[in-house]
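Student: Residue numbers (our numbering), protein chains in the order written: chain A, 3 to 290; chain B, 2 to 293; chain C, 10 to 366.
Since the hints were derived computationally from the structure, they do not count as laboratory data.
Cβ coordinates follow ideal geometry from the N, Cα and C atoms, glycine included.
Check each hint, because a few of them may be wrong.
[Claimed, not checked] Here are the computed distance ranges between Cβ atoms for each label pair:
#1 W84(A) <-> A189(B): 55 to 65 Å
#2 P128(B) <-> C76(A): 48 to 58 Å
#3 N47(B) <-> R47(A): 55 to 65 Å
#4 G146(A) <-> L206(B): 50 to 60 Å
#5 A136(B) <-> A19(A): 14 to 24 Å
[As the list claims (entries may be wrong)] A few chain A residues that face chain C, going by a derived Cβ cut-off under 7 Å, partial list only:
#6 R140
#7 P202
#8 P206
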Amino acid sequence: MRRKGWRLSARRVGLYAFLLISAAFFLLPLYVMLVTSFKDMSEVRLGDLLSLPAAPSVGAWVKAWTTACTGLTCNGIQVGFWNSMRILVPSVVVSIAVGSVTGYAMSLWRPRGATLLFGIVMSVAFVPYQVFLYPLVRLFSFAGLNSSLPGIITVHTIFGLPTMTLIFRNYFASVPIELFKAARVDGAGFWRIFTSVMLPMAVPIITVAVILQVTGIWNDFIFGLVFAGRENFPMTVQLNNIVNSTQGEREYNVDMAATMLTALVPLAVYFISGRWFVRGIAAGAVKG
Amino acid sequence: MLRHRSRLAAQVALLPAMLIALVVYCGSTGWTVWISLTSSRMLPNNNFVGLRQYEILFGNERWLVSASNLALFGVMFITISLALGFLLAILIDQRVRAEDLLRSVFLYPFSMSFIVTGLAWRFLLDPTLGIAKIAHDIGFTWFEFDWLVRQDRVIFTLLAAGVWHAAGLVMAIMLAGLRGVDQEIWKATRIEGIPAWRAYLFIVLPMLKGSFATATILMATSVVRLYDLSVAMTNGGPGIASEVPAKFVMDNLFERQNIGLATAAATSMLITVVAVVAPLLYWRSRAEKAAS
Amino acid sequence: MAGVRVSTLTKAYGPLTVLQDISIEVAEGEFTVLLGPSGCGKSTLLNAIAGLDEVDGGTIEIAGQDVTDLEPAQRGIAMVFQSYALYPTMTVRGNLSFGLKVKGSPRAEIESRVAWAADLLQITPLLDRKPGQMSGGQRQRVAIGRALVQKAKLFLFDEPLSNLDAKLRTEMRVEIKKLHKELGLTIVYVTHDQIEAMTLATRIAVMKGGRIEQYAAPDELYERPETLFVAGFVGAPAMNFLPGMYRGGAIEIDGVRIPAGALELRGPVADGTKVVLGVRPEHIGLVADGALGESVAAEAQFMEPMGADTLGWFTMGSHRVSVRLAPQRARGVTGNVDLALDLSLASLFNATTERRL
């Protein structure tokens, strides 16, 4: 008995050792980013990647936020932050509005062509965006949407549609059909059922959708680069410009502070939402 | 007729989605494919040249490097992420302490953008300041870690960053699958005295086909879209050693003004995706049907 | 005036016909139950009357008005669902008033009707609660209340009691019957539970395979089933079926001749007709007890005590029959006995057409 107990605990030790090493691997980049961002450049140059900052300073953070240079302008990454916010809020609202109405109509009303439409929309979830880029750029410049806020919002709505439609369609399909029937007997029509009965019930899935869209849109790089225009470059594009356009000596501490600042919003969403984030991934894990 | 008023409303509500599907999804794809069959350079023209652009494309060294990079990266990225993610899921499933904390630690990279991921790893793997320097400082002077600037190794640095970003996702999906396994299966294996590792490998693993397919599909999609990571980490370099197809398309569209070649590359990507994802989707739908 | 008149209604899902040429009339104030096994089309018929399912052919009239092409809300109906289908985000008051609000009724009227229905169903204390905080029985009352506040000409119930436990089900059954009587409602009610059907209905329509097998009052249905299916479906324990041949005023079953003189037949039956004799367990007794009817030799198999009475199982030739016995009497029955079949209360069916003779 004793021997067995010992073997078991040896296995537990191995288990925890592996988990801890893995945790270290996953935490390492975050840790290095954080400590580096609080060092000054002379300390960074020493190359002691893992050491805590000798004299912690927020100087790099302030510089990254207010005066870091992206090419010719030196207004810091805050420009990108506010651009991202301006893109994020309307994009999240519009993409969820379109996706939820589409999913609702598809699942409960099943109008003609809904199945075909769903098939087309879902297959786009797998298609590389590069296939759409050129025609979209031409279309947008024809419509006067290129390099504008409405343009980038439209793009996020267009490419958020597959996931949003999917999660709302699946959600509304799981609502007891009798509820829908009861509302129809009560005399409510398409929009009334949506606003009075379905939307109030959909709070959990709306939360999931918000989490997915906030992280997805905030983390977007390629659409921001192509469709937002120089004036509206989101934070990710600005960050890349700051880090890759530095003249002379590279200021790693500022780079890392800017990187941390850019990661802050999705990280906050992730840690605040907890298990909801996982639910979001599961819900968005495209089911054909 | 009154009866159809609500049906009409439903049809109207689908208009935005229909418009997007028709104009953007179908229309753009069609146009892209068409341009790839013309001699277009800076502007699209309708001068049909058949598969000429594809001949040029597959004679282009940069494209060939991009494509082989993607294949190498894709296979290794998916394999390693699946293995590591599944292993982590199994270990977390052993009723470990601080399960929630560990899950958060493994999954948080997935919440961050590829740009952030790329920049963090670029600094971490910097040959003069990064991990290499630490190794040097503690006496491993022979340790030369310069993969980030070595043409034949740079793709593995992208791989490290990619696995770091995605393994937690696999873990989350597989853990959800494991938790969905009927408890009585475990009781049955214990009564029959089947060792845990065998139970995982031969009984549970086949039951999780659907979860594997889901994770693989998600990763395969992101592999083909791989762009930001390469831009942030290496910008395709050194030389063209870490170029990827998505970047090839972007550069030819917006910098080299060669849209005929770019659309041919994009179309090739599309065909690859169809060839890879369609069987996976089919496999998953069969796995799910078998499971239910 | 008819409460509901359904004429030649048909509906198919692809190759599957779910309603075949259905015609049925429900008088005003009547309580009609649609009864049948799952998949018989009863719920589809109810949904068609409600306007929730579109039909392929035929017409539906409610209170004299053709509603075939109207929206559910325009048909003057109210409906109670199996899952109650209460709006989970609204309070009970919200649930009760939603329909009236949608229709634009004045506020004062909504309030008074909600108060009236809540009082009637004793759910006034629940008015500000949400469905999630209530028991199944309470939810069921709210669901009925939601139907009552509508000034509906017709009330539709779709298996409303099947999610309740046995005790509550009996309670709510009485409640529904009371409401029907007091308010003079016209009701169409779907169930697969024959006790519910027998106790509630003024008339029962037994359905099978998208057709109505028989539409009659409960007693009529029980005593004079029109088809073999109805005879077998209605009644528990089920009716005994004895297949045989009609010849010379008697039925030959396994070589035993049973004189059919006491049978109530619709008309003459040709000699040589293959028939099925249907006798309910309570219409068979022991000759030794002085039971009336045709005497047949049988052998006792085993007894199933059911409380109020005991079901005795006997073999009669190659057939097994069940007999309803008094529990005290059943204890002593073993071996060979003579059974008396009371043919005056039995049914005879044509074995080929499965219809009553």
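Student: Against each hint, give a clear statement of whether it holds in the structure.
Tutor: Results of checking the hints against the structure:
The beta-carbon spacing between W84(A) and A189(B), approximately 59 Å, falls within the hinted interval of 55 to 65 Å. The hint said 48 to 58 Å for the Cβ distance between P128(B) and C76(A), and at roughly 29 Å that hint is violated. Range check, N47(B) to R47(A): about 58 Å between beta-carbon atoms, so the 55 to 65 Å window is met. Taken as a hint, the range 50 to 60 Å holds for the pair G146(A) and L206(B), whose Cβ atoms sit roughly 54 Å apart.
Remark: the range hint 14 to 24 Å for A136(B) to A19(A) is upheld by a beta-carbon distance near 22 Å. About 44 Å separates the beta-carbon of R140(A) from the nearest beta-carbon of chain C, more than 7 Å, and the hint is not met. At its closest, the beta carbon of P202(A) sits 4 Å from a beta carbon of chain C; the interface hint therefore holds under the 7 Å criterion. Because the closest C-beta pair between P206(A) and chain C is about 12 Å apart, greater than 7 Å, the hint is violated.
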